[in-house]
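Q: Chains as they are written, first to last, in the numbering used here: chain A, 1 to 515; chain B, 516 to 717.
Any given hint might turn out to be false.
The calculated EDC-like cross-link candidates involving lysine to aspartate or glutamate, where the alpha carbons are at most 20 Å apart (straight line), are [as the list claims (entries may be wrong)]:
id, chain 1, residue 1, chain 2, residue 2
1, A, K133, A, E40
2, B, K633, B, E643
3, B, K569, B, E587
4, A, K133, B, E522
5, B, K716, A, D364
6, A, K2, A, E40
7, B, K633, A, D364
8, B, K593, A, E292
9, B, K569, A, D336
10, B, K585, A, E334
11, B, K593, B, E577
12, B, K585, B, E522
13, A, K133, A, D252
14, A, K133, A, E286
15, B, K593, A, E372
16, B, K583, A, E286
17, B, K569, A, E341
18, A, K2, A, E25
19, B, K633, B, E581
20, B, K569, A, D364
21, B, K716, B, E643
22, A, K263, A, E25
23, B, K585, A, E129
24, B, K633, B, E587
25, A, K133, A, D364
26, A, K263, A, D252
27, B, K569, A, E131
28, B, K569, B, E584
29, B, K583, B, E601
30, B, K569, A, E348
31, A, K2, A, E129
32, B, K633, A, E292
33, B, K716, B, D594
34, A, K2, A, E184
35, B, K583, A, D174
36, B, K633, A, E40
Sample of chain B residues facing chain A (criterion: CB under 10 Å; computed from the structure) [said to hold, decoys possible]:
id, residue
37, A542
38, E578
39, D608
40, L619
If you're looking for bench data, these hints aren't it; they were derived computationally from the structure. None of these values were measured; they are calculated from a predicted model. Glycine is no exception: its CB is placed at the ideal position from the N, C-alpha and C atoms.
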Amino acid sequence: MKRLLYFTADDHSVYSWSRGRLALEAKFPGDDLGVTAFREYLSGHRGALFYAVADLAGEDFHEELIPYLRGGDRELVVERRLAQRYRDTRLAAALSLGYVRGERRNERLLLTSFTNTQRLTPWLDALAESEAKLAGMFSVPLLAPVLAARLGRRGGRCFVVTANSAGLRQCYVDEGRLRFARLERTVDMAPEVLAAFVRSETGRLAQYLSTLRVLPREGPPIQVLVVAPPAQRAAFERALVSDTRLSFLTVDQSEAVRRVGVKAAPAGMGAEQLYLHLAVRRPPREQFARREDRRSFVLWQLRRGVLAAGALGFAGCALYAGASWLDVVGARAEADLVQVETRTAQGEYQRITSAFPVTQTTTDNLRATVVEFTNIARQTAPPERALVYLSRVLDDFPLIEIDALQWRVERPGERGARASAAGAGSAAADAGRAPTEILEISGRTGTMRRSDFRAITAEVQRFADALRADPAYQVRRTRLPFDVTSEGTLSGDIGTAMDAGEAPRFTIELARSIR
Amino acid sequence: MTFSARELRQLALPLLACIALLAAGSALITWTEGGRAAEERALAAARAERSQAKERLTRIAEEEREVKEKLEIYRRLKDIGILGEEQRLGWADAMARIRTERELPDLRYRVERQQPLKTVPGKPANVEFYASTMRVTLALLHEGDLLHFLGDLRASGNAYYAVRSCSLARTGQPATLSGLSPRLRAECEIDLITILDRAAKA
Numbered sequence: 001m002k003r004l005l006y007f008t009a010d011d012h013s014v015y016s017w018s019r020g021r022l023a024l025e026a027k028f029p030g031d032d033l034g035v036t037a038f039r040e041y042l043s044g045h046r047g048a049l050f051y052a053v054a055d056l057a058g059e060d061f062h063e064e065l066i067p068y069l070r071g072g073d074r075e076l077v078v079e080r081r082l083a084q085r086y087r088d089t090r091l092a093a094a095l096s097l098g099y100v101r102g103e104r105r106n107e108r109l110l111l112t113s114f115t116n117t118q119r120l121t122p123w124l125d126a127l128a129e130s131e132a133k134l135a136g137m138f139s140v141p142l143l144a145p146v147l148a149a150r151l152g153r154r155g156g157r158c159f160v161v162t163a164n165s166a167g168l169r170q171c172y173v174d175e176g177r178l179r180f181a182r183l184e185r186t187v188d189m190a191p192e193v194l195a196a197f198v199r200s201e202t203g204r205l206a207q208y209l210s211t212l213r214v215l216p217r218e219g220p221p222i223q224v225l226v227v228a229p230p231a232q233r234a235a236f237e238r239a240l241v242s243d244t245r246l247s248f249l250t251v252d253q254s255e256a257v258r259r260v261g262v263k264a265a266p267a268g269m270g271a272e273q274l275y276l277h278l279a280v281r282r283p284p285r286e287q288f289a290r291r292e293d294r295r296s297f298v299l300w301q302l303r304r305g306v307l308a309a310g311a312l313g314f315a316g317c318a319l320y321a322g323a324s325w326l327d328v329v330g331a332r333a334e335a336d337l338v339q340v341e342t343r344t345a346q347g348e349y350q351r352i353t354s355a356f357p358v359t360q361t362t363t364d365n366l367r368a369t370v371v372e373f374t375n376i377a378r379q380t381a382p383p384e385r386a387l388v389y390l391s392r393v394l395d396d397f398p399l400i401e402i403d404a405l406q407w408r409v410e411r412p413g414e415r416g417a418r419a420s421a422a423g424a425g426s427a428a429a430d431a432g433r434a435p436t437e438i439l440e441i442s443g444r445t446g447t448m449r450r451s452d453f454r455a456i457t458a459e460v461q462r463f464a465d466a467l468r469a470d471p472a473y474q475v476r477r478t479r480l481p482f483d484v485t486s487e488g489t490l491s492g493d494i495g496t497a498m499d500a501g502e503a504p505r506f507t508i509e510l511a512r513s514i515r
Numbered sequence: 516m517t518f519s520a521r522e523l524r525q526l527a528l529p530l531l532a533c534i535a536l537l538a539a540g541s542a543l544i545t546w547t548e549g550g551r552a553a554e555e556r557a558l559a560a561a562r563a564e565r566s567q568a569k570e571r572l573t574r575i576a577e578e579e580r581e582v583k584e585k586l587e588i589y590r591r592l593k594d595i596g597i598l599g600e601e602q603r604l605g606w607a608d609a610m611a612r613i614r615t616e617r618e619l620p621d622l623r624y625r626v627e628r629q630q631p632l633k634t635v636p637g638k639p640a641n642v643e644f645y646a647s648t649m650r651v652t653l654a655l656l657h658e659g660d661l662l663h664f665l666g667d668l669r670a671s672g673n674a675y676y677a678v679r680s681c682s683l684a685r686t687g688q689p690a691t692l693s694g695l696s697p698r699l700r701a702e703c704e705i706d707l708i709t710i711l712d713r714a715a716k717a
């Protein structure tokens, strides 16, 4: 709920405003009694939000040029100019009219204030005492450019003429900026009389502004937007005949109310309802109240802003969380679907496997047991095969006598370790290779003479060659009874008793890869 | 614009509310993000499980053939006593019986402690392979007795007999008139391998 304090020369009214609906709450006389009554009224509405709108005669407008400045410097200059112009600057404002390009760039200002601010300040003090939040102190002329824009006049020069309860209000707006305004008091008049009064007063205003050179003497006619009181448009249009100087456009107040957006207003209320509504909905940046008078409002705005920022942040987080939650729901639904498919596949698997032969264990254990056992069996070998093979070969060598046999299974790693001194193979190279069965044969060459090196060597070599007959077997090493290589020492003892002694021994190492 | 202490106090509540709202929003995001991550993990796991189940289903024909093949071997292993707990008394009985039947002059053996065998990775945890190393010393009349001994041992079952090494040497004793004096001495090292399937039904 927002409240509007409407100042006129006769009395001051408080209107409530809610969603475009204006309602009269209280009316006070403009004297000290009125201020007292207003204080009593405020005691029941502490901390309320107020917009003050003054519709008073005697508003001063004065144009000034100041150097082109920004920020604090401009503010200082404006304050100084206002102080030079007005005795009391509490309700004074400076409206920028744009920049003038010349040798130096200057800014045009319209200084404005009320000629008698003392009538208004007790009311503002009462607001401050009640901790009311004053959004701004506006005058009807300050709101006229907004009204002109809402009625379709956004650029150029125009007069905005309205019949308010305070009197006939005339505002001169140039390119959307207020230049001048006046209020002419009216009494109850017949429509035709009021229309004629509007015609004559508008002409006087144009004449006055031309004299001041605010309006150019030559040029196209000035648009005059006249808001006619309800049901008086026809009378106004008859009286307001355009000429070369003024071009009238009459708008019925009910039409203006619709365009501005007022939803409801007290019966018989004049065109001031348009300004009051715009003060709430489209408040102009420039207004009369000082920063100190608006402090509660600024603080309230700050509190609302902080809360709004928190709410906005939470809403953003909630939105993001909502999107995440949609993902969660989607993922959960998909997971449910996937689980159903999994259960279907598992059920089908169970149904099919139930028709399998009875395994006495799980399928995985069955597979692991058999596969692993097969691997172990594949890497072992019985010694019988090698012994039988040797036995068959020996049938052709009656002179060979076996003293000892050594059979063993050699794993790749074991052989690598033992052969590392010779640099042959490493654990890495052995990895993946099959184990080997080794048969080490130690024997003698039966009845041969010990000194018959050639015959003994030939017999052992022939035996070794015979062992190679099966390609699965390899003779890895043959050690003769004596060293016949050039690097070794060869000795003999021919014709002595030793020559007929024990036959020389040999060793052959036979290997077969176990696959 | 500077604020008085009273004004700052008036601003404190909205500020606290703002902070609380932002914290609640952050907590909400953290909570939903956690939920989303958990659901995504669950979805990935469900997809993997479905993929596995479907893969198994497509391989079922092959699996049926494999089961039939392997079941034959599995039953054989069970029948001959390789599958199951160690039967040390059975081994001792078999050694005594072989010695008697083959009339071996001397037979000594020693079975070491059971040790688990290293097996392939990925094997089910409830299938274990064990080996007990047996060292046998035999006095032989003829080398053929060693082959007979090994054959009889294998036929006795109760384990898979993986011969690691065997040495055969002459004793050096001269032949006697009766001819019953052992002429050869054999020493063998044999792994007695058994398999323990804890999921197997009796």
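Q: So, for every hint listed, does it hold in this structure?
A: To see whether the hints hold, each was checked on the structure:
Under the criterion of a C-alpha separation no larger than 20 Å, the hint pairing A/K133 with A/E40 is consistent with the structure, at around 17 Å. Straight-line distance between C-alpha atoms of B/K633 and B/E643 comes to about 9 Å, which keeps the hinted pair within the 20 Å bound. About 27 Å separates the Cα atoms of B/K569 and B/E587, which puts this hinted pair outside 20 Å; it is violated. Simply put, A/K133 and B/E522 have alpha-carbon atoms about 13 Å apart, close enough for the 20 Å limit, and the pair holds.
Taken as a hint, the B/K716 and A/D364 pair is honoured in the structure, with Cα atoms around 14 Å apart against an allowance of 20 Å. Distance hint between A/K2 and A/E40 is fulfilled; the C-alpha atoms sit about 18 Å from each other, no more than 20 Å. Of the pairs offered as hints, the one joining B/K633 and A/D364 holds, with about 18 Å between alpha carbons and a cut-off of 20 Å not exceeded. Our distance criterion of 20 Å between C-alpha atoms is broken by B/K593 and A/E292, whose separation comes to about 102 Å.
Using a Cα cut-off of 20 Å, the hinted pair B/K569 and A/D336 holds, with the two alpha carbons roughly 16 Å apart. Distance restraint check for B/K585 and A/E334: the Cα-Cα separation of roughly 39 Å exceeds the 20 Å cut-off, and the hinted pair is therefore not satisfied. A distance of roughly 24 Å separates the Cα atoms of B/K593 and B/E577; the hinted pair therefore is violated under the 20 Å criterion. This hinted pair does not check out: B/K585 and B/E522 have alpha carbons roughly 88 Å apart, beyond 20 Å.
Between A/K133 and A/D252, the direct Cα distance comes to roughly 34 Å. Violation of the 20 Å bound is thereby established for this hinted pair. As the CA atoms of A/K133 and A/E286 are separated by approximately 17 Å, the hinted pair is consistent with the 20 Å bound. With a C-alpha separation of about 15 Å, the suggested pair B/K593 and A/E372 falls inside the 20 Å cut-off, and the hint holds. Between the alpha carbons of B/K583 and A/E286 the distance comes to roughly 97 Å, so the proposed pair goes past 20 Å and is violated.
Of the pairs offered as hints, the one joining B/K569 and A/E341 holds, with about 9 Å between alpha carbons and a cut-off of 20 Å not exceeded. The hinted pair formed by A/K2 and A/E25 meets the criterion: a straight-line CA distance of about 11 Å does not exceed 20 Å. Distance hint between B/K633 and B/E581 is unfulfilled; the C-alpha atoms sit about 24 Å from each other, more than 20 Å. Restraint check: the Cα-Cα separation between B/K569 and A/D364 comes to about 17 Å, which is no more than 20 Å; the hinted pair holds.
Between the alpha carbons of B/K716 and B/E643 the distance comes to roughly 16 Å, so the proposed pair stays at or under 20 Å and holds. Only pairs whose Cα atoms come within 20 Å are accepted, and A/K263 paired with A/E25 is accepted, the gap being roughly 17 Å. A C-alpha spacing of about 100 Å is found between B/K585 and A/E129, which places the hinted pair above 20 Å, so the restraint is violated. With a CA separation close to 24 Å, the supplied pair B/K633 and B/E587 exceeds the 20 Å bound.
For the given pair, A/K133 sits about 82 Å from A/D364 by alpha-carbon distance, which is inconsistent with the 20 Å threshold. Between the alpha carbons of A/K263 and A/D252 the distance comes to roughly 16 Å, so the proposed pair stays at or under 20 Å and holds. Simply put, B/K569 and A/E131 have alpha-carbon atoms about 76 Å apart, too far for the 20 Å limit, and the pair is violated. Simply put, B/K569 and B/E584 have alpha-carbon atoms about 23 Å apart, too far for the 20 Å limit, and the pair is violated.
Between B/K583 and B/E601 the alpha-carbon distance is near 27 Å, which puts this suggested pair outside the 20 Å criterion. Only pairs whose Cα atoms come within 20 Å are accepted, and B/K569 paired with A/E348 is accepted, the gap being roughly 10 Å. Distance check on the hinted pair: A/K2 and A/E129 sit about 18 Å apart at the alpha-carbon level, within 20 Å; holds. Between B/K633 and A/E292, the direct Cα distance comes to roughly 91 Å. Violation of the 20 Å bound is thereby established for this hinted pair.
Taken as a hint, the B/K716 and B/D594 pair is honoured in the structure, with Cα atoms around 14 Å apart against an allowance of 20 Å. About 29 Å separates the Cα atoms of A/K2 and A/E184, which puts this hinted pair outside 20 Å; it is violated. Distance check on the hinted pair: B/K583 and A/D174 sit about 103 Å apart at the alpha-carbon level, beyond 20 Å; violated. At roughly 100 Å between alpha-carbon atoms, B/K633 and A/E40 are farther apart than 20 Å, so this suggested pair is violated.
The criterion of a C-beta within 10 Å of any C-beta in chain A is met by B/A542, whose closest approach is roughly 9 Å, and the hint holds. Because the closest C-beta pair between B/E578 and chain A is about 7 Å apart, less than 10 Å, the hint holds. Against a cut-off of 10 Å between C-beta atoms, the interface hint on B/D608 is violated, since the closest Cβ of chain A lies about 22 Å away. The criterion of a C-beta within 10 Å of any C-beta in chain A is not met by B/L619, whose closest approach is roughly 17 Å, and the hint is violated.
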